[in-house]
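Protein sequences appear in the order of chains A and B. Numbering of the first sequence is given in full-length UniProt numbering, commencing with residue 1 and proceeding in unit increments. Numbering of the second sequence is given in full-length UniProt numbering, commencing with residue 1 and proceeding in unit increments.
Please note that the accuracy of each hint is not assured.
To be verified - Below are the EDC-like pairs computed for lysine to aspartate or glutamate, each with C-alpha atoms no more than 20 Å apart in a straight line:
| # | chain 1 | residue 1 | chain 2 | residue 2 |
| --- | --- | --- | --- | --- |
| 1 | B | 88 | B | 53 |
| 2 | B | 8 | A | 41 |
| 3 | A | 63 | B | 53 |
| 4 | A | 45 | B | 9 |
As the list claims (entries may be wrong) - Just a sample of chain A residues kept apart from chain B, beta carbon distances all over 12 Å, derived:
| # | residue |
| --- | --- |
| 5 | 49 |
| 6 | 50 |
| 7 | 77 |
To be verified - Coverage of chain B stretches by chain A, computed from C-beta distances (three or more under 8 Å per stretch; other residues unrestricted):
| # | stretch |
| --- | --- |
| 8 | 3 to 11 |
| 9 | 48 to 58 |
In short, the hints are calculated from the structure, not lab data. Quick reminder that beta carbons are idealized off the backbone N, C-alpha and C, glycines included.
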Amino acid sequence: MLQIKVLGPGCPKCKTTYNNVLEALKQTNVEANVEKVEDIEEMMKYNILTTPVLMMNDQIKVKGRIAQVSEIIELLKK
Amino acid sequence: MENQSLVKEICPTTTQEWIKNGALLVDIREKDEVEQLAYDVPLLINIPLSEFEDRYTEIPKDKEVVMVCKSGARSLRAAGFLVNHGYKHVVNMQHGITRWVQKGFPTKGDVSTETGNDSCCASSACC
Chain A
1 MLQIKVLGPG
11 CPKCKTTYNN
21 VLEALKQTNV
31 EANVEKVEDI
41 EEMMKYNILT
51 TPVLMMNDQI
61 KVKGRIAQVS
71 EIIELLKK
Chain B
1 MENQSLVKEI
11 CPTTTQEWIK
21 NGALLVDIRE
31 KDEVEQLAYD
41 VPLLINIPLS
51 EFEDRYTEIP
61 KDKEVVMVCK
71 SGARSLRAAG
81 FLVNHGYKHV
91 VNMQHGITRW
101 VQKGFPTKGD
111 VSTETGNDSC
121 CASSACC
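Kindly produce the complete structure, drawing on both the sequences and the hints.
Given below as structure tokens:
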């Protein structure tokens, strides 16, 4: 199953990205495990600098800004 | 403060001692934040977090380095990034310029921007 992570300290931009992921999954009926990562030690493992970060199967797809629903849908199609 | 063991953290008062001993301060806030209010210390470079991945090698590896920002959160991630890239003499300053100002330590610019009660999300590129 697809693993999706949204990494960030839990600020408004992180929450918006997380909600956009859920919306994109709803619109595409794609099954995925979605995790919000706010733990600093985990973020450091991935060398996260600017946040939020959207990761799919441990690959950084979007960093330092909100990922839009349409953008996430495109990423899900790949 | 953040729960982690990768990076050593020090407070603003201890940072003053490190500066007296020749440590380099690396401020990772964005340019607009630095233009409003800056740390006033002898050895300081500003590498915004949004440029850090491309410019971190400007930081010397053989020098004591203290990473700083507004609240200590973003600088901690930058410090972790440096440790993961082989830097041995890096620490993070907890609480950032917010506590620095509260302590009356030297700055340049408008300290009124630092009320200390807004979360890190107040500025343009907060987290």
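Discussion item. For each hint given before, does the structure comply? Return the numbers of the non-compliant ones in rising order.
Written reply: 5 and 6
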